[in-house]
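Asks: Given next are the chains, with one letter for each unit.
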Amino acid sequence: MNVKKLNIKLKIWRQAGPKAVGAFVSYNVAVSPGASFLEMLDELNNDLEKKNLEPVTFESDCREGICGTCGLVINGEPHGPLRKIATCQLHMRHFKDGETIYVEPFRARAFPVIKDLAVDRSAFDKIIQAGGFISVNTGGVPDANSILISKDTAAEAFDSAACIGCGACVAACKNGSAMLFVSAKVTQFAVLPQGMPERQSRVESMVAKMDELGFGSCSNTYACEAECPKGISVRNIARLNREYFSAKLKSKNVEA
Amino acid sequence: MGNLNSKVPSGPVESKWTDYKFNLKLVNPANKRKYDIIVVGTGLAGASAAASLGELGYNVKAFCFHDSPRRAHSISAQGGINAAKNYQNDGDSVFRLFYDTIKGGDFRSREANVYRLAEVSGNIIDQCVAQGVPFAREYGGLLDNRSFGGAQVSRTFYARGQTGQQLLLGAYSALSRQISLGTVKMFNRREMLDVVVTDGIARGIVVRNLLNGEIEKYSAHAVVLATGGYANVFFLSTNAMNSNATAIWRAHKKGAYFANPCFTQIHPTCIPLHGESQSKLTLMSESLRNDGRVWVPKKKGDNRRPDQIPEDERDYYLERKYPSYGNLSPRDISSRSAKEVCDEGRGVNGGEAVYLDFEEAIKRLGKKEIEERYGNLFEIYETITGENPYNVPMQIYPAPHYTMGGLWVDYNLMSTIPGLFVLGEANFSDHGANRLGASALMQGLADGYFVIPYTIGDYIAGQKPALVSTEHEEFNKSVSAVKEQVYKLLSIHGNMTVDEIHKKLGRLMWNKVGMARNEKGLKEVITEIKELRDEFWKNVNVVGKGDDLNQTLERAGRVADYLELGELMAVDALHRNESCGGHFREEYQTEEGEAKRDDENFRYVAAWEFEDIGKWKLNKEELEFESLHLAQRSYK
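Sequence order for the protein chains is A and B.
The first sequence begins at 42 in the numbering used here and counts up one residue at a time.
The second sequence begins at 2 in the numbering used here and counts up one residue at a time.
So that you can see chain B by itself, here it is in the shape it has in the complex (with noise of 0.2 Å):
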């Protein structure tokens, strides 16, 4: 059994949430504006949740480390966002779409938490238009869908490539509505560098002002952490540059525990490395692979042009292997096919990319309906590599994208702090081990607009008026503390740049801790990363001062965080003697080579407690399956 309670209400699961939302307690109106809430993050999750309590009436305090809310990383998402409408009668339905993440996420996800996610996505779409988003349309002025990965209904919305984006701007557009209301009073250029905690309870965070260096401290009745991911502790990911663990790391080291952080998705479709200046990948949107083939050729060594390798000396391993689902396969399965085929030697020129061809798309559709649907990406892929899509078929590599983990939180979105709630992609509850395409956006908006407002009512009521002064002792140690460190960092003066120690680790991590996954070198990067923590806090060369505005040192403060977190992610990894999802180890394989899960050992989530650097104790949320029965996830 394991020792964490994840309020899961009782009850069928159809019911839970109704059922549940009926039973917690409620604010009323004129007791909220006594209440104060701090947001970190203005993504989709930190918008909607701060511009939705705003609403709501409670004093909201946004942080963000942006110029502007609206820059947030959510902004990046391609594709599209799902729902379970059925709008084109195909089939879908809460409990499909709800069946297709828990499968999707391979069975490593709550049950619970995954049901409402999806029985609350339609909603999204509604609030999504009723702001403005123009999604797309049919002629007849209906929303359109699209088909994405891991799913045999269309139910995917989108806005061109760029819904992410459109989404984005309708939360912001609450948000400054809000702001505008003097609800929300909005932050901007803070970086969170603590939480503070009174007698076991969040109360408040620290901050960097990063125009002056300035150390704040902001107190409130409770804390939101939305703060997205860590894919970037492998430096070159999909990410944005200034996307980070600090905040949900230092709420990690208050006592915070950190679920499942091997779990981290490698996206299949980016455009591969083009030399050692590289300092981000860039995605192609998963809807490429609706009309798009992927191939290599069959023959190892085979160099020609790929308009010179004939049909049948290609290998679309894709269809071949996955029948049923081919071209849209999952994120992990097609991520690791594509590294066997490449690894063979059969990649392209030999290299680590694979074709993504669009000549059978446009020879059955038109190049006007290609340009239609995938236009910008087409753009997007030129503006890069310089070559046209429309002639010569996309390479793509797989690349880190998304981060699974993320803090443990219960039901109610609450982490083992009291008071300290995460949501999006810092938490870690809805997509086990592996996330389907178009569910982080759905995911984002969800704990946002449809599930904080209620939970964090309920804790609300609980707590008294008066707020905990920022002259309290923890308020006080925590902002010395933050400022001990930034005095470290500036004080090492050695020989190495933050981003070449960067660089190391990431090259450490996808080697290592990445597609696939093996005990030998779990055990290898274990040392080696503490090696490279201890010549980090050696051998860094941090320039600048404190009280400006120092990039050098915001990323600083960042590396110093994923040389601990890194660490964390390689000892879970290490501990779960089984294949999942995004988490491939060799060991365990079917004999075709798939994922080989151990239910009877590793149906749990992992929650890590931090003890001290290097040192975490494991707890256990048993995952229990109710309404579904664990299967072994086929797409074949």
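Here chain A stands alone, though its shape is the one from the complex (with noise of 0.2 Å):
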């Protein structure tokens, strides 16, 4: 197969530590259509090493859009100009010849810069621990189908509990907010029967490690659901508000 290929002008960003200041370095690559985008940097990374040159440090496992690893920005927009992908996922041949592409790592107060395109992900963990989950140990659980969860219930915190963990949804919001991300867990449990002894303790402990990490606040501009590779919908976030309020309404925690 002889497809012609296409000349890409790369301004990536370049930064060698989390302290280091960062910049914009341009690099010429030919590549073909069909290769993905993360492709195209293996190949640009191969042709750096060969001439002893380091190469971009970038952050990609599974290459299917599912583990959450990979997140770049590219021409402005986290995981790219597609919706409904990963970066992983994305291929060239949705870029023109002769096209200048710019890349960038996530950018938020909660995720810094490691090295080059790589950033620390971990507040996300944090949040997770704080109460991500149902408090069950290893055995003693009821058989499966002692609990009727009906179809559209099920469906509904599927769509919720989809979410990857990437972080476009917090890279994409002006705020460096992360309400996408923890309302899509608040919810997952929160329609589950599961979910119901903890519904209230989970989302208020999920919400104040959320803030005391850094990430911030929600002015509902919707980039976040624009750039989610799964297409979690905002309709989360008013989920959490009403979960949160209606915790607050009944919490023992008040503040003074």
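Since the hints were derived computationally from the structure, they do not count as laboratory data.
Only true hints are included.
Derived DSS-like pairs (lysine-lysine); straight-line CA-CA distance at most 27 Å: (1) B:K546 to A:K92; (2) B:K539 to A:K91; (3) B:K546 to A:K60; (4) B:K504 to A:K46.
Note that the structure is predicted; figures quoted are calculated from it, not measured.
Since each chain sits alone in its own frame, please combine them into the complex, following the hints.
Replies: So, in structure tokens, the structure goes:
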């Protein structure tokens, strides 16, 4: 197959370390349209290594859009110009010959840059650790079919549970808010009967942790939903607000 | 007779596990907190083990190389998880799941382990539902099931096409809860580079902190490896980019036997190769074969568009050759059949692809129903290929996917190094020569939730609470060896990149240790791998520094290990003069071209003992079949 290669000008954010000053560096690449965006970066890195230059650090793992490891801001948009895909699912056929592409890391106060395009998203783990679970130990649980869950409820829970924790919602938000991420987990457990016993404490702890970690607040621009590779709806945020207010009304953790 | 003690308890297979559990020693709750356990890997097996051990009260240190434990590659599993619940009233039972798994593995797995796996399968579903895993439901609110390859009952539980993700997030949430409770201490972005053994017992590990390159050491009373499989030895596989064999390979070099390394699974339904720059292959869930029909043109050189090839000029070769299982024939058989028709020149446009066609299913069930069942898989396909499978049949071809081989473990899941346990894909125990679909998730969670919490207690009960200090000579030796290797890799300054060498190795493995193997090719490839290994150590170029985040260095260490492991895979494939499951030796086939097993000479697990690089000693564990009769595997 002799498909014509695309000539692309890349402007990639290079930053040697968390405290180093970063800048855009230009590279020219010729890439086949069938290649994925990350495969283009693989090729670039292979060429850089050939020239004894340090390759661009970027993270990816499954390359199937499910592990949530990859995440680049491409021409100003987290995960690039297409909707409902992760960076690894973006293919070069969506770009034009001669095009200039800007590649940056996710930027948010709570996601500091580690090196080049890699950022630290461990704040998400801390939010889950604060309450994003149902407290059951292994063993001693009832038979799976003893809990009846309607098809619609299961589907609703699944839609929220589909979040891959990539952080695009935070990177897309001008306030660096993690509301979409938090609301998806809160919703999954708020609609399922298994989540009921901890419904109130869960939302309180997760929101408190989110605030503590330096995520911004939500100002309803819906940029998060637009960039979410799994199409997590902002309706989750509305649900989170309801859950939170209702929890606060009954809360024992009354603030002075 | 074999010379390995599998520690399989006596008694009828149905009661072995129950009786055995009663006889295991226990550690009382107050004493558990005096013991430290290291768990490496946070996929289904590792996360479920770390969480469950933390719940029991042990001090757990969990390690993963990812930025978060939630990224482990279990997350990519699509289709589902098997369990012998018999919710469908279609004749399933623990015994049938046991039988299907043994038969699917072509009678090369250990009966007692497989029975236990089937026995605890139902508990896994209960556990996951209690954690809030949103499995698919029927209208009445009960759990739904689908069918998978190698079974004639519907026993697969699923969450759309993202079952692995949902199960892993369940285990990750249980792990996160233990982290918050302080029973588990989580170490992210650490890659295990050695197991520390003193007086023949595993006492800890040495890891590289991937952020700053620091070499760190940790000691414990037991070490659990749950680090997955080694299909990335092929370079192109369905595994994640960073999945690797380094943890199990380094353990192997410290004394853990490696069992059946040549048993690799080539998955029949992957998206075909698009070009040179390809970095990985994408799986299309086997569940698609519930409704998709696999075919190629009958005539060689028939390059018409699929919709212009009339029904009677299509060869639905799986339905033709295996009428009772048809498109749901097991993976090894389906893959080999695809290779056969493509080798005959009947692949799509004469190339390496066959059709997976949903036209008939869309007519029968309607587009909406198909969308409900496979919507996200169809989207994945369209995103990658730019073709819409509702209108045009998918094109698929086999790709390396899973490795049945792994570190040898006994019934307790302990390796030949006392104190070193191995779970999930990283061990060899349950799938024999071929794994059935939806059984990897089952095994990972069975090992982590329901086996290791019992068996490790029996081991710990015999250990003194005092920890071996990380200042022990063996820890320091290990640290020096690891540092030396890092230094060596960085100082070669050759002309080839790590990826170039890895791709070369991958092509060698795919061509000669792939879907079909023969004596001549295997002998050649052993020499070629040795040469490539020499080339690597003379001519690789690892750019960057050791005390920094350096992804090239990470990959270099992994490729160095593949260059040794690849050879062992070929050595094992060459020694096994029979065909079974995924191991197809061209010299050993029936007249119809099916795998021809040799039970008289090869009814054993080949457990290789490391002596030196390129040198191994073969140990055997004879496989006894007490409950099942050895039979030729037929899906016709």
